[in-house]
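Protein chains: 2
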Amino acid sequence: MAKIIDPWGSELVEDYEKIVKDFGLETFGAKTFPKPNKIMRRGVVFSGRDLEPISKAIKNKKRFYVLSGIMPSGEKIHLGNKMVVENIRYFQERGGDAFILIADLESACTRGVTLEEAQRRALNFHIPAYIALGLDPKKTTFYFQSENKDVIHLAYEFARKITLNEFKAVYGSADPSRIMAAMTQVGDILYPQMEERMPGIIPVGVDQDPHIRLTRDVARRTKEKYKFFLPSGLYHKYTPSLDGGLKMSKSKPESCIELPEPIEKVKKKIKRAKTGGRDTVDEQKEKGGRPEECMNFELQKQHLVEEDKELQEIYENCKAGKLLCGECKNISCKKMDDFMKNFNDGVEKAKKHITKLNFVKFQ
Amino acid sequence: MAKIIDPWGSELVEDYEKIVKDFGLETFGAKTFPKPNKIMRRGVVFSGRDLEPISKAIKNKKRFYVLSGIMPSGEKIHLGNKMVVENIRYFQERGGDAFILIADLESACTRGVTLEEAQRRALNFHIPAYIALGLDPKKTTFYFQSENKDVIHLAYEFARKITLNEFKAVYGSADPSRIMAAMTQVGDILYPQMEERMPGIIPVGVDQDPHIRLTRDVARRTKEKYKFFLPSGLYHKYTPSLDGGLKMSKSKPESCIELPEPIEKVKKKIKRAKTGGRDTVDEQKEKGGRPEECMNFELQKQHLVEEDKELQEIYENCKAGKLLCGECKNISCKKMDDFMKNFNDGVEKAKKHITKLNFVKFQ
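Which chain is which? The protein sequence lines are G and B, in order. Taken in order, the first sequence gives residues 485 to 847; the numbers are from our numbering. Taken in order, the second sequence gives residues 485 to 847; the numbers are from our numbering.
What you were told as hints is all true, and nothing was included just to trick you.
No distinction is drawn between identical chains; accordingly, a pair holds when it is met within one copy or between any pair of copies.
In silico DSS-like links for lysine-lysine, alpha-carbon gap of 25 Å or less:
id: 1; residue 1: K633; residue 2: K645
id: 2; residue 1: K825; residue 2: K835
id: 3; residue 1: K633; residue 2: K845
In short, the hints are calculated from the structure, not lab data. Given the structure is predicted, the values throughout are model-derived calculations rather than measurements.
This is chain G alone, in the form it adopts within the complex:
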């Protein structure tokens, strides 16, 4: 299984190793948490910050929380959100209290989306989409930042704990709107501890680590008053762009899959994805394919193939020259078809139950 755990091309592996080293992260291993989910087992979840309090809480059945935010600035989500939900689900199933915040204040101040529009989008799509992706709504507390007085009050209180220069060092830039958004995120991340102090984990793409560090600094600096646990971070790799780039991005729509997206369009994109195939069929049959360089295989590994055994077979058959790229892409297309149908059905179903969710509302 060793090769399946990290089948990235060496260049990309180096990138992630560099991140771990530069930012002082912990390497995430298959044994860090019990019964890891597929992205944890496969090295897609590759690092973290201060994971021990969470391992211990799971092991000793102590209270802890998992938190993530939804940015309701667009009308779609992406495969990165899917991985976040997979991790939230993992911690929910191991006893964690889940919190999902709608970052409406953040999208108002950084993107100019009105609160009304953000609320409409979140209720009509983003929250149902998270539920469709596997979030357990019965075990989740939802809130809008704009309605969460505690979060806002923490943001204001904590603002004096960070200087402008520290802020610039963490984020690079420091526009007023970025500062207000970041302080509010700090409030979000610590808010679940207002009722009871407990460890918490924030599963995010590794580019979000600055928020975790900033929050940990604030928690340290307000230790005397609040005694907050420093939050832990759990980081997954990006889903690569279908043309082989580091990160799928809307700026390259032909190499990016959004949720939802018409299945025929998605299939076309998969068919055009960069693979590790050889120049000719004969050569591939002889030498075998290179799944380590294949974006189709990456898609299967990160998202489409649930069973390790099936993924292992695909990998071995590819390496052996028995599974050619066209056929392998058909497997992906079929699975993507099922996934997108389930996703769309799940969104519609969840929309009907949206009023029954556990929303924080301040009086």
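Following the hints, position chain B against chain G.
Then chain B, alone, in the frame of chain G:
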């Protein structure tokens, strides 16, 4: 009356003239508003920004508002607050809707005062003190920033309308806490227009003009969406330090009168105040005193003597050498005694009615 209208020493006059010129303010004249109050008549209110909409609203009996904030970071207020209340009262009597905000978020983020502590101080002292100084509580809407969802939402929305460099240009520094406080003030100043668009006036010390300018910039930049009237500013001079400095300040307690303060301490300070008296009694009787350089006269003009006629007599008797400094200070002490008693009684009386005030509370 000309000399009474501006009896400052030339150096200080120059300072205020420079401010008017440098910041592009309007000079405030005795005819700017109808039936001016004593600090308007006497040149203590010396300038403003965009005063015409307010003159017109008063003249045409159109709706307008007057707004001021209370910073509940200390346990006392000062004579500058007294002038602000005098101006609020003036506009209340001319039909303006009055708003008093408690800047509890601001004092949390810039001074580290907890919201609970700020609330306690405001209810037990600051609000009753403003009422004791003449605010008409029946015609006033009060709110705590931390409870005013609209203000907070405006602050977040407007943050993206100001760049960090603009912020630095206006305020000099740009710490995260200052930025959040300033954006919240912008929200405060425009909040009364959420229900209905109308002109508004903010009476403040001239050092607060940057907030007015920032708010006017934001109102211009969000014109298409909100169509807010640009707020007007009304500026009073500082009460000078009793030793002759530009501004009374707690950092020089011997030259500063706080509200409340034990009357015997205040009398001692007045007795030591810098005057425009001559070196000897004989010289003063012969040449007369110099009220333009006298801090005791300034105190009488700004705060202690209600009737212009009485102030004029004091001025003329001083100039004529008939009223000597000791006697003149006794007049001030007597009036200060009455004022402080009335103030303390007024605070106690207002505290009993605090629950009946019109507070904005968000659901």
